[in-house]
Each structure stands twice: as C-alpha cells, then as structure tokens.
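Q: Given the coordinates of chain A, work out where chain B should sit on it, guided by the hints.
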Amino acid sequence: MTSAWRWAGACAIGTSHVRANLECQDRATCLIVETGPGPVAVAVVSDGAGSARAAAQGASIACMEFHRRAALYLRSGGALGKIDDELTADWIDLIRERIYVAANFAGLKPRDYAATLVALLANNEHCTVVHIGDGAAVVRKHQTQEWSVPSWPFHGEYASTTRFVTDDPVARFNLVHLESAIDRFAIFSDGMENLVLDHREKSAPAALFERLLQPLVIWEGVGRNRTLSRHLRDYLGSEKVCNATDDVCESQRCLHYVFGPAPEVSEGPREGRGRHNLPCRG
Amino acid sequence: MTDNYEQQPFDAVPLIDNPSQRCPCLLLLDVSGSMSGRPIEELNAGLVLLKDELSADPLASKRVQVGIVTFGPVETVTDFIDAGQWNAPVLRTKGDTPMGAAIERGLQMLETQKSIYKNYGITHYRPWVFLITDGGPTDAWQNAARLVHEGEANKKFKFFAVGVETANFDVLKQISVGDPIALKGLRFRDLFAWLSSSLSSVSHSNVGEEVKLENPVAPNGWGSIA
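Just so you know, the sequences run in chain order A and B.
When the letters of the first sequence are read in order and numbered with the numbering used here, they come out as residues -17 to 264.
When the letters of the second sequence are read in order and numbered with the numbering used here, they come out as residues 45 to 270.
So here's chain A without its partners, still in its complex pose:
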C-alpha cells in the first residue's frame, strides 16, 4: 500500500477585522511532498499580529518560505528525524531575511510583519513540529484515539501577547519530534484555540478531533478535499461557531486538518496534490 494524505482547510475573517476594514491576517498552506520513502505532509499556519501594518504579508512570507525550505530539504533526501535546532534556526533566519527585504523595500520595519508560525511535517513514521507563538498543532497517535498537543501555544503573561517570527534579537522556537507515527493531525491559528483546546487540562479532546476528522476519514480521495474545505470555511464563519466563543466572533480563524495515510493512491478522486494557499472569507 502506498501511503498518502488527504486534507481540508479554511480560514474565516473575524468581525473586528471586518469592522476595521482589515484584511484577514491568517495564512495557511498545505503541501504534500513526494519523497523516496513516501509522501510527506507539510502544513503551515501563520497568524499576522493584529497591530502590525504588514502582518498579512509577514504571515504569507512565513508560510511560503517555510514550505520552500522544507520541500527543498525533503526532496534532497533529508529525513524528518534529522531536522535539528540548527537547521530549524536556518529556515527561520531565511524567513526573517525575506521579511527584512520586503520591509526595506516598503519602507517599513521588520516588526510591521510580525507573524506567528505553526508548522507540522509528517510521514508514515515520524512527525516534526516547529512552533513560534500561539496557535497549535494536534496529532493522533497511529491507530489509537490518543490525541496530543506536541507544542502548547505560547501566551505571555497577558492576553494577546505572544512570540513572533520577527522578534528581536532572535525568534524563539519550539522544535518537537514525535517518536511514534501519527495518522491524523489538525493545525490552527489562535482564533481556534479556545474552541478546540481544553486550556484547563492542557489537552486536545479526542471526541472533538475524532468528530472533526470524520468527514475526511470517510472520504475515499487523496489530497485536498475542496468540497469539505468549503464546508469548513462556512462552518468557521457560522453563527454556531460565533456563539460558541466568548469573543462574539472577533477573531479570525484558520484551520487545516489532515488524515493519512489514505488508501491506495490510484483509487478515488484526486483533487490536487500541490500546494494550496487558503483565502479568507468574511
């Protein structure tokens, strides 16, 4: 059996951004990288800081550059388990360099591009998470119902404070390797945190994520499920979700969720396996 991944993802813009006529500052991408041992899912979510002038561009650069570096590494035979602090720091430095160039060109400061980063790379055997700031990835241990949060979202002492890729003098990141294989994961920005994470227990509720993943699990295709992504986009902006939060839908929300490995790659509909950037919806 050849393993593959199937996924859905969407972003929804918050009402505070609509009121302030701001664009959505969350960005997310998902890429399935073909490698010798099998496909690797690379999912990235970046949340631009609300107060930063070019936050959306910062989040875009963070997603795109991380993907570029991860794909180059994996296609050149790099193993997930060999991603170490030094290599991660190099990738983040390259994101920062791209931001410095963009800021210089636009006459802005790098901090105007402040954005968080949650990245997850997974194949059949290994899972690696790189994390700066808030938002999170949750993973399920292969063929169990054990869900965990490899790197808990970082919040400063006060609400709405966190770490960013652009922090001086260096961006502080978490690099986590999971020893056991995973078969499902979800990755999301901080607008989703209060909806899907149990902050008191610091856990990812299995019942919630099992139910969230179910529509994807019963889908027989491979790659991105566009129909489900549209449903997810509608759901994230729905009254039900707004009513479930205390912030009356102030926050923008971005959620990817991925199931894998899928059945035989040659079977079922294939809706696309390239990189997908997700638009926001008001």
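Keep in mind that the hints were calculated from the coordinates and are not lab data.
Be aware that one or more of the hints could be misleading.
Think about it this way: if two alpha-carbon atoms lie no more than 25 Å apart in a straight line, the pair counts; the simulated SDA-like pairs of lysine to any residue are [claimed, not checked]: (1) B:202 / B:238; (2) B:256 / A:222; (3) B:202 / A:222; (4) A:222 / B:200; (5) B:162 / A:93; (6) B:199 / B:186.
So the derived label-pair ranges between C-beta atoms look like this [to be verified]: (7) A:221 / B:241: 25 to 33 Å; (8) B:259 / A:208: 45 to 53 Å; (9) B:119 / A:126: 36 to 44 Å; (10) B:245 / A:159: 50 to 58 Å; (11) B:223 / A:196: 56 to 64 Å; (12) A:216 / B:117: 56 to 64 Å; (13) A:151 / B:129: 40 to 48 Å; (14) B:221 / A:54: 50 to 58 Å; (15) B:55 / A:72: 38 to 46 Å; (16) B:222 / A:216: 54 to 62 Å; (17) B:245 / A:125: 48 to 56 Å.
Footprint (simulated), chain B over chain A, 3 or more residues, beta carbon under 8 Å [to be verified]: (18) 147 to 157; (19) 193 to 206.
A virtual CB, placed ideally from N, CA and C, is assigned to each residue, including glycine.
A: Relative to the frame of chain A, chain B by itself:
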C-alpha cells in the same frame, strides 16, 4: 462515500467552552469622613454608570472584572467579579484614610486573582488599578508606594491616581509612577464613563494592539494634571 455532503458535516463537532480572557480592574476608593455629602453621592452615581455601561457592552461584560477595596477603614467591598454579574455597591463614608493599607490589600487581592486565572488557564490583560481619594493617607504609605513602583516597573499592572481637589497631591505623586490626575469638581460620572469606555476598548483589543485611550486631561476631559 463521496464528497456530496448533504448537510453541514461539522455541525456535530463538540466545541470546547473555555473561560473568557479577563481584564481585571481594581478600584481603591476613599470613603473617609471627608467624602460625606455630595462627593460620596457622586462617587456612587459614578459606580452605577460604570456598571450600566460595562453591562451594555457584551464583550466587556464578559471580560472586564471589577474588584473594589474601600478605605476608611480598609474593606474589601467586591472581590473580583465579571462586570456583567457585578452590582454597584452603595458606599457610605466612615472613618480616616488608611490609603497605604488599602493599596497593599488591593495589590494582594490582584495577585490572588492572577493565581486563580493561572490555575484555570485563563489569560488576562494587564490589570488596571484606580485609586480615588479626596485626602491624604493617615497611615504608613511608603511600602505601598514601593509596591506600586515595583509593579509598574515589572508591568504587573497600570496604576492611576485620581484626587479630588482637596487631595494631598504631593503624596499621590510619590505613590503613583504616572502623574496623578486632579478631578475637575465632582465629575465622578465623567471619570467612570471614561473608565468604562477605556476598559471596553482594552477588552476588544487584539494581539499586541496598542489601545488609544481618550485623554482624560484634555480641555474637555474630566481631569487635569495635578
């Protein structure tokens, strides 16, 4: 199974009901004998206004928490409670002005509340501490001043001192890091309208957002620099 979802496939996802992030506001209020008469009446009317305005804002009513310590003698009138559930107390004037002990009690209350937030996984904004007096401390206030300066330096809270015109502004300047504000006349209602509006703005703010507050010492504001 195909991807023709007839209904919203996520409707049954059991979302989490996490507690809201909080914005604690501690009021340290002078109820010494000199506040009797119109000053205490205006202060009480201001508290009612604060309650009404915070309750009218759905987000602020969930996120802002009010705590009240009065002095003359020191008494915890309201331990921190959500603005939406809070009822404005009717304060009555009593004795002297143990301002130092009131500040120490209030800041201790704030630390306890922050521990509660931490235990329950609740994030919070930087607390606001609002001292309102018409006199000067009748007890030792130096330790309280030290705690205020340390707290401000460590960004543990923002401290505001407001004095009615008879207040001892020389001491208030030593207690507060920022300039104390002299209340114009007995405009307590304008003060609390400003406080409500400012807290609402903070409770609506986003990541790293700098909240621009209306200047209370502007010509049309409720105060002036003492």
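Q: Counting residues of the region 193 to 206 of chain A that have a beta-carbon nearer than 8 Å to any beta-carbon of chain B, does the count reach 3?
A: As far as the region 193 to 206 of chain A goes, the hint holds, because 8 residues have Cβ atoms under 8 Å from chain B.
Q: Does the beta carbon distance between residue 151 (chain A) and residue 129 (chain B) stay inside 40 to 48 Å, or does it fall outside?
A: Since residue 151 (chain A) and residue 129 (chain B) have Cβ atoms about 45 Å apart, the given range 40 to 48 Å holds.
Q: So does residue 55 (chain B) sit 38 to 46 Å from residue 72 (chain A), Cβ to Cβ?
A: holds, 44 Å
Q: Given the hint of 48 to 56 Å, is the C-beta distance from residue 245 (chain B) to residue 125 (chain A) inside that range or not?
A: holds, 50 Å
Q: Does the Cβ-Cβ separation between residue 216 (chain A) and residue 117 (chain B) fall within 56 to 64 Å?
A: holds, 59 Å
Q: Does residue 238 (chain B) lie within 25 Å of residue 202 (chain B) when you go C-alpha to C-alpha?
A: Measuring from Cα to Cα gives roughly 16 Å; hence the hint holds.
Q: Taking 56 to 64 Å as the stated bounds, is the beta-carbon spacing between residue 223 (chain B) and residue 196 (chain A) within them?
A: holds, 60 Å
Q: When you take the CB atoms of residue 245 (chain B) and residue 159 (chain A), is the distance between them in 50 to 58 Å?
A: violated, 43 Å
Q: Holds or violated: the 36 to 44 Å window for the beta-carbon distance between residue 119 (chain B) and residue 126 (chain A)?
A: 55 Å Cβ-Cβ, so the 36 to 44 Å window is violated.
Q: Against the range 25 to 33 Å, how does the distance between the Cβ atoms of residue 221 (chain A) and residue 241 (chain B) compare: consistent or not?
A: holds, 28 Å
Q: Measure nothing beyond the straight line between the CA atoms of residue 162 (chain B) and residue 93 (chain A); if it is 25 Å or shorter, mark the hint as holding.
A: violated, 29 Å
Q: For a C-alpha distance cap of 25 Å, please report whether residue 256 (chain B) and residue 222 (chain A) respect it.
A: It is violated: about 32 Å lies between the C-alpha atoms, which goes past 25 Å.
Hints 2, 3, 4, 5, 9, 10, 16 and 18 from the earlier list are contradicted by this structure; the remaining hints agree with it.
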